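Asks: Single-letter residue listing:
There are 4 protein chains.
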Amino acid sequence: MEYAKPLPGYLVQRYHGWKATSYKENEVWYRRLATDGQHPRAMVVSCCDSRVHVTSIFGADQGEFFIHRNIANLIPPYEDSGNRHGTSAAIDYAVNVLKVAHLIVLGHSQCGGVQGCIDMCEGLAPELEAKESFIGRWMDILRPKYDQVANIKDRAEQARELERQTVVVSLENLMTFPFVASAVKDNSLSLHGLWTNIGEGGLECYDPKQGRFHQV
Amino acid sequence: MEYAKPLPGYLVQRYHGWKATSYKENEVWYRRLATDGQHPRAMVVSCCDSRVHVTSIFGADQGEFFIHRNIANLIPPYEDSGNRHGTSAAIDYAVNVLKVAHLIVLGHSQCGGVQGCIDMCEGLAPELEAKESFIGRWMDILRPKYDQVANIKDRAEQARELERQTVVVSLENLMTFPFVASAVKDNSLSLHGLWTNIGEGGLECYDPKQGRFHQV
Amino acid sequence: MEYAKPLPGYLVQRYHGWKATSYKENEVWYRRLATDGQHPRAMVVSCCDSRVHVTSIFGADQGEFFIHRNIANLIPPYEDSGNRHGTSAAIDYAVNVLKVAHLIVLGHSQCGGVQGCIDMCEGLAPELEAKESFIGRWMDILRPKYDQVANIKDRAEQARELERQTVVVSLENLMTFPFVASAVKDNSLSLHGLWTNIGEGGLECYDPKQGRFHQV
Amino acid sequence: MEYAKPLPGYLVQRYHGWKATSYKENEVWYRRLATDGQHPRAMVVSCCDSRVHVTSIFGADQGEFFIHRNIANLIPPYEDSGNRHGTSAAIDYAVNVLKVAHLIVLGHSQCGGVQGCIDMCEGLAPELEAKESFIGRWMDILRPKYDQVANIKDRAEQARELERQTVVVSLENLMTFPFVASAVKDNSLSLHGLWTNIGEGGLECYDPKQGRFHQV
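Protein chains in written order, with the UniProt record's numbering: chain A, 1 to 216; chain B, 1 to 216; chain C, 1 to 216; chain D, 1 to 216.
Rather than coming from a laboratory, the hints here were simulated on the basis of the structure.
Heads up, some of the hints might be wrong.
Treat identical chains as interchangeable: a pair holds within one or across any two.
Dumping the calculated DMTMM-like pairs for lysine to aspartate or glutamate here, alpha-carbon to alpha-carbon at most 20 angstroms [stated by the list, open to error]:
id, residue 1, residue 2
1, K5, D80
2, K99, E122
3, K145, D36
4, K19, D186
5, K24, E2
6, K99, D36
7, K19, D61
Quick caveat, the model's predicted, so the values are computed rather than measured.
In isolation and in its complexed conformation, chain A is listed as follows (with noise of 0.2 angstroms):
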C-alpha cells in the first residue's frame, strides 16, 4: 500500500494543540473510557454532510453517543441475504451488543445526496441511473418517498420535504428489522426522527400521529 501520504501540516498542529489543552484537561475521563469502555446511551444516524455535527448541537462529550454517518443518514429496509451491509452493521451492533436506549436519525437541509434523489427521479441525472453508480444505488432507498414530494413546485420546498422523508423512510425501514421492532415494542429502545435547518440553526421532530414535523 504505497500511497498513503504523512498527515498534512495543519492538521498536525490542531493535533498537538488538542493533545495540549482538550486531552489534557480531560486525561482521567479518556483513560476512564479506554479502560471501561462505552456505554453511549443513544445512536445517531446523520449525513456525512461537513456541515452537521451532532455532537455540537447536543454538547455532546466523548462517550455520549454512538455515531453512524452516512449519505442523506438514510436506513435501508433489513435483508437477510446475508451480504455485507454497513448500515445495518452498525444498527447491529447498537441495538444488540452496545444496547442503546435512544436512536435517533437526524436529517438536514441543503442535502446533497437528496437533491440528487430528486434530479434521478425527474431524469435529470443519467448518471445516477447508471447500474455502477453507487450514489444512485444508496439514493434507491429515498426513491419511494418521490411520489410524495413530486408535485411542490417551490424547488426549495421540495427539497426541504424530501429532506425530511429521509428521516421517516429511515424510521420505517428501521421498523423491518426484526431486533430494532423487538426492542421497541417491548420498551427497551425509542426511536427519535430529527430534521435541522442548517442556516437558521433549527431543529424540528417528527410526530407519527401527525404525520409531521414540529419545532423542538
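Position chains B, C and D relative to chain A; hints supplied.
Replies: Then chains B, C and D, alone, in the frame of chain A:
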C-alpha cells in the same frame, strides 16, 4: 410510522443551549454554509465509536470535514455489481462530487468491532459466523489481515495491531476503486492512514514505505 | 491547593447554554432569590444516587426544596456530643432557621448503599466491617432494620424492602431530635416518607398506621 | 413511627404530571438505569440551598452526576477514628466504588451557612458557639479561613470571599483523604472548584496556580 417518540428532554435543553450560544455566535457562518454549500477539504472515514470524535481531535469547525462513520472504519473492496453500498456511496460522493483533496482513514484503540473480528477468527464467536450476522459479514472485510496478528501472544497488543490493520486494509481497498486510484495517481487526491490511542490521546500516521505507523 | 483543574469543556459549554436560555428567561426570579433569600416550603433528604432527582420528579423550581443528599438518604439518631454531624446540621438549619413546613425522606430502588448493608450484615463484605470504612460505618445506621428483611428469600425483594426501611429508620431517628419532635407535635412541621422505583417511575408513601407503603 | 403524613396534594399532582410526561418519554432510559446501575462521570458536592441546582446549570440528566448536598458544600478533613461521617462516606463511595472521573465542589453566593460562620467568628452568634449546635460545629470546618476575609470591610464582599473559601477548604480537605490524593496523583480522578453567583447566573472556576477564581 407510529413508533417515533418526542426528543428526550435533556437533548431539547442542550439543543436550545447550543442555539442560544454557538449558533448565535456563528450565525453568519451557518447562513453562509447553507447558501454556498459545503466545500470540505477532506473526507474522514472513522468508527461509529462514541469515544472518537475527529472534529474534536482536529478542532474541526462546521464545513471542514466530510465524515463517514461506520463499524471499525472499514472500506470494502470495490464491486461493480450494482448493489447498494453505503460506504462506497460516501466515497463516490466525496471524490467525484465534492472533489475533496484528502481522504483520511482514522482507526482507534479499544475497537469493539476489531475485537469481534479476532473472536470470530479464533472460533470464539459463532453468532458472528451466522450468515445473517450483519456485524460478522461486515468484519469479513478485515479477516484477511488476521494472519498478520495471529501469532501475537499479548491479547491487548494483538487487538492494537489489528486495529492498525483496519486502516491498512481500508487504504488498500480504496485503491481498488478506479476513480480513487486515478485521482491519487494524478495527484488530485491524497490518502492518509491514522490510528489514535483513546486513553493516551496518541495519534499515529501510516508510512507505507516502512509498512508501519509512526507517532505524529 | 495545587490540584484543582479547569472545568471540563463539556460542562463549560452546557453552562453557557443554560446561562443563555434558562437563566435569561428566568433572570427576574434568580435576582429575586438572591436578594430575598430562600424560603423553601420543604426539605427533602434523598440519596446521592445519580438516577434520582427530586427536582425532576416533583417539577421543582429554584427556591422550592432545601435538599440534603447523602448515601441511602439516612438520618442518624440524635447525638448531643458536640461532634460534627453533617446530616444533623442540615436538619438543624432546615427546621430551626428556614422553618420548613415539610420534611420529606425519599428512598429509592437499586440503592447501592443498601445492597452494601445487606452484604455487610450477611458477612459478605469484610471491607465494610473495617473500622475505617466510611461507607460501612454510615450504613450501621440501617443495620437494626436488617432483621426485618433477613428472611426474605428473593434477593431483589429483600433489597427493595430494606430500601423502604431506610425511610422508616430515618423517620424514626428524626423523631429523636428534640426540636423535630416538638415541631411535629405542635403541628409546625410534618414528616413524609417516600420510596421511588427508578425503572417504573413509581412512587410510594409510608403510612405509619398500617406500617407499610402505598402507591401514590 | 406514627408521625408520617400523606404526601401533600400539590406534590402528588406534580408527581403524576411527571410520570405521564417526562417519565413516559424517557421510559426506556429509566428502565436501563434501573437494570444497568449508575455510572456517573462526576460527583458534585454542593449546598442544600434551594436556589442552587447543579442538574439545572449543567443540563444534567438522570445518571450523570452523583450529588452530595450538605450545608455550605463543605468537606471535613479526613479522620480515621471509625466514627460515622456522612460526607466522608459519600466521597468514599464515589471515588472507590463508582470510580467517578471528576469531583466538583460547587459553592454559591448568599450562602446562609457562610453568613452564620462569619457571625460566629465575630462573636455575634452565641447560639452557634454552643456545643450542641449542629450548624456551629459543622461550620467549624470553615473557621480556619475566616482570617483570610477578616479585614474585608464590605459585608457583602466579605461573605462572597468566604463563600469562595468554602470551595478552597473543601478541596484542601479532600486531599487529606489518602484514597483521593492517590487517585489524583495517578490521574484517575481530577478535582474542580466552582462558585456560582445566584442572581447573575455567573460561574467561576478556581485556579490553584493563581490562587483565585476566574469567570468560566
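Asks: What label fits K19 with D186 when the C-alpha limit is 20 angstroms: within, between, both, or neither?
Replies: between (43 angstroms within a copy, 18 angstroms between copies)
Asks: From the Cα coordinates, with 20 angstroms as the cut-off, is the pair K145 and D36 best called within, between, both, or neither?
Replies: The answer is neither: 42 angstroms in one copy and 26 angstroms across copies each exceed 20 angstroms.
Asks: State whether the alpha carbon distance between K5 and D80 is at most 20 angstroms within one copy, between copies, both, or neither.
Replies: Neither. Shortest intra-copy (39 angstroms) and inter-copy (27 angstroms) distances fail the 20 angstroms Cα cut-off.
Asks: Which holds for K99 with E122 at a C-alpha limit of 20 angstroms: within a copy, between copies, both or neither?
Replies: This pair counts as neither: shortest intra-copy Cα distance 41 angstroms, inter-copy 25 angstroms.
Asks: How would you classify K19 and D61 at a CA-CA limit of 20 angstroms: within, between, both, or neither?
Replies: The answer is both: 16 angstroms in one copy and 17 angstroms across copies each meet 20 angstroms.
Asks: Up to 20 angstroms between alpha-carbons, please classify K24 paired with E2: within, between, both or neither.
Replies: between (34 angstroms within a copy, 16 angstroms between copies)
Asks: Go through the copies and call it for K99 and D36: within, between, both or neither, with a Cα cutoff of 20 angstroms.
Replies: Intra 16 angstroms, inter 11 angstroms, cutoff 20 angstroms: intra and inter.
Figure legend: structure checked against the earlier numbered hints; hints not met, in rising order: 1, 2 and 3.
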